[in-house]
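Here's the letter readout for the chains.
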Amino acid sequence: MSFLDYFLGTRKKSAEVAKDRLRLILAHERSAGTQDFLPQMQEELLAVIAKYLPVERDRISVNLERRGDFEVLELNVLFPEKQASPPKP
Amino acid sequence: MARIIVVTSGKGGVGKTTTSAAFASGLALRNFRTVVIDFDVGLRNLDLVMGCERRVVYDLINVIQGEARLQQALIRDRQLEQLYILPTSQTRDKEALTAEGVAAIMEELQKDFDYIVCDSPAGIETGALRALYHADEAIVVTNPEVSSVRDSDRIIGILQARSKRAETGDSPVKEHLLLTRYAPRRVQSGEMLSVEDVQELLRTPLLGVIPESETILQASNQGIPAIHMKGTDVAQAYEDAIARFLGEDRPLRFTQPEKQSLFKRLFGG
Ligand SMILES: Nc1ncnc2c1ncn2[C@@H]1O[C@H](COP(=O)(O)OP(=O)(O)O)[C@@H](O)[C@H]1O
Ligand SMILES: [Mg+2]
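Line order of the protein sequences matches chains A and B. The first sequence begins at 1 in this note's numbering and counts up by one. The second sequence begins at 1 in this note's numbering and counts up by one.
Hints were generated in silico from the structure; no laboratory data involved. The model shown is predicted, which means the values in this text are computed figures rather than measured ones. For glycine and all other residues, C-beta sits at the position ideal for the given N, C-alpha and C. Where hints are given, some of them may not hold.
Claimed, not checked - Examples of chain A residues toward chain B, derived with CB under 10 Å:
id, residue
1, K12
2, K13
3, A15
4, E16
5, A18
6, R21
7, R23
8, L26
9, E29
10, R30
11, K51
12, V55
13, S61
To be verified - When the alpha-carbon atoms are kept at most 20 Å apart in a straight line, the in silico EDC-like pairs for lysine to aspartate or glutamate are as follows:
id, chain 1, residue 1, chain 2, residue 2
14, B, K259, B, E239
15, A, K19, B, E200
16, A, K13, B, E191
17, A, K12, B, E125
18, B, K230, B, E81
19, A, K13, B, E145
20, A, K13, B, E196
21, A, K12, B, E196
22, B, K164, B, E191
23, A, K13, B, D233
24, A, K13, B, D197
25, B, K230, B, E214
26, B, K259, B, E212
27, A, K19, B, D197
28, B, K174, B, E248
29, A, K19, B, E196
Same shape as in the complex, but just chain A:
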């Protein structure tokens, strides 16, 4: 860092930014290997939900996400506007 930077710069050093970014991306990519089951699980969840509720295939999404120290499994189901009656068992 030069004389001028020293007085002007309170900005984060670029190496620090690099390290923070890498921390996040590596944590994400290391857990990615364990997420291979997601599509299969999505299919199975869909089958279960469709048994009881009238939802379309593309109206359901499953996400595994890292938030800080937690892993969050997120299940989103969008229902049609008009609530149809559940299919007969």
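Given chain A, put chain B with the ligands in place with the hints provided.
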């Protein structure tokens, strides 16, 4: 039985070939019978870095396809009697690098050598997978730079999942981190990831730090492995790395900036 070492990185241009040449030469200097194999099919470079390009007659692919015997393809190093180079093909494509072919060559070489050094191509495809498959130890060459660190992490994952040791449930490949093209001054000024940063991110034992140096270009210009550039920082850094690889204790060198003038320090440079 030879130990098989893969020099790998995921990313290209980080110093794998430079390191393979220096490492293989360093092992031979220590009197180990060593062979260094170029796995970068189609982009032959190791022969140039080793300075034996005009003596290439047969190559790895010729041997795999039964067009030449292994003994015919091995080139003896100009300076070191214990060192051989197995060049790759410049014209064939990497699909010629069959799993069975590579396995047969490894088996034969293991009888005659102490160390087999495999110079991996970049990427995570066939060539890179073949180069790492038989490894007992891996030197993960990394530059202090975001994409290189990420790719190294990826290749470490692949070593742990797709090497022969992983597939057969044997003890895992022993991984070593080699940080190359390191510029201490830029680290000090906060513009480059430090050796501690990279180690913390990759969680892999450090084998050494090779400084960014003009010597490397002078060496490759002449086809002389960097370890022969007597008295230079890179030669010493590679020697240290080899000593550590062989279990010796060596303090880190060349990771602090050299003294600089007050003028430069004040006004940057
Ligand atoms: N420590 C170093 N200092 C300066 N230049 C280097 C250093 N290590 C490698 N290089 C240069 O970087 C380039 C890529 O090196 P190379 O060994 O061919 O990488 P790779 O085999 O990983 O593609 C070459 O031009 C080489 O001379
Ligand atoms: Mg190379």
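Here is what the structure says about each hint:
1. The closest approach between the C-beta of K12 of chain A and any C-beta of chain B is roughly 9 Å, which is under the 10 Å cut-off, so the hint is satisfied.
2. With 10 Å as the threshold, the beta carbon of K13 of chain A comes within range of chain B, its nearest partner Cβ sitting at about 3 Å, so the hint holds.
3. Residue-level restraint check for A15 of chain A holds (minimum Cβ-Cβ distance to chain B is 5 Å; threshold 10 Å).
4. Because the beta carbon of E16 of chain A sits about 7 Å from the nearest beta carbon in chain B, less than 10 Å, this interface hint is met.
5. For A18 of chain A, the shortest C-beta to C-beta distance to chain B is roughly 5 Å, which falls under 10 Å, so the interface hint holds.
6. Interface restraint check: R21 of chain A against chain B, minimum CB-CB distance 6 Å, threshold 10 Å, status holds.
7. Given the 10 Å rule on beta carbons, the hint for R23 of chain A holds: about 7 Å separates it from the nearest Cβ of chain B.
8. Given hint, L26 of chain A at the interface with chain B, holds; its Cβ is 5 Å from that chain's nearest Cβ, closer than 10 Å.
9. With a least beta-carbon distance of about 7 Å to chain B, the hint placing E29 of chain A at the interface is held under the 10 Å criterion.
10. Taken as an interface hint, R30 of chain A checks out: its beta carbon lies about 7 Å from the nearest beta carbon of chain B, inside 10 Å.
11. Taking 10 Å as the C-beta contact cut-off toward chain B, the hint placing K51 of chain A at the interface is violated, the least distance being around 36 Å.
12. Taking 10 Å as the C-beta cut-off, the interface hint given for V55 of chain A is violated, the closest approach to chain B being about 36 Å.
13. With its C-beta approaching chain B no nearer than about 26 Å, S61 of chain A sits outside the 10 Å limit, and its interface hint is violated.
14. Distance restraint check for K259 of chain B and E239 of chain B: the Cα-Cα separation of roughly 24 Å exceeds the 20 Å cut-off, and the hinted pair is therefore not satisfied.
15. In summary, the hint linking K19 of chain A to E200 of chain B is supported, as the alpha carbons are separated by about 10 Å, within the 20 Å threshold.
16. With a C-alpha separation of about 6 Å, the suggested pair K13 of chain A and E191 of chain B falls inside the 20 Å cut-off, and the hint holds.
17. For a cut-off of 20 Å, the pair hint linking K12 of chain A to E125 of chain B is broken: about 37 Å separates their Cα positions.
18. With a C-alpha separation of about 19 Å, the suggested pairing of K230 of chain B with E81 of chain B holds against the 20 Å cut-off.
19. For the suggested pair K13 of chain A and E145 of chain B, the alpha carbons sit about 14 Å apart, so the restraint of at most 20 Å is met.
20. Between K13 of chain A and E196 of chain B, the direct Cα distance comes to roughly 16 Å. Compliance with the 20 Å bound is thereby established for this hinted pair.
21. In summary, the hint linking K12 of chain A to E196 of chain B is supported, as the alpha carbons are separated by about 18 Å, within the 20 Å threshold.
22. For the hint linking K164 of chain B to E191 of chain B, the alpha-carbon distance of about 39 Å lies beyond 20 Å, and the restraint is violated.
23. Straight-line distance between C-alpha atoms of K13 of chain A and D233 of chain B comes to about 27 Å, which puts the hinted pair past the 20 Å bound.
24. The straight-line distance between the Cα atoms of K13 of chain A and D197 of chain B is roughly 13 Å, inside the 20 Å bound, and the hint therefore holds.
25. Using a Cα cut-off of 20 Å, the hinted pair K230 of chain B and E214 of chain B holds, with the two alpha carbons roughly 14 Å apart.
26. A hinted pair counts as satisfied when its Cα atoms are at most 20 Å apart, and K259 of chain B with E212 of chain B qualifies at roughly 17 Å.
27. In summary, the hint linking K19 of chain A to D197 of chain B is supported, as the alpha carbons are separated by about 7 Å, within the 20 Å threshold.
28. Annotation: proposed proximity of K174 of chain B to E248 of chain B holds, straight-line Cα distance about 16 Å (limit 20 Å).
29. Proximity of K19 of chain A to E196 of chain B is assessed by CA-CA distance (about 11 Å); at most 20 Å being required, the pair is judged to hold.
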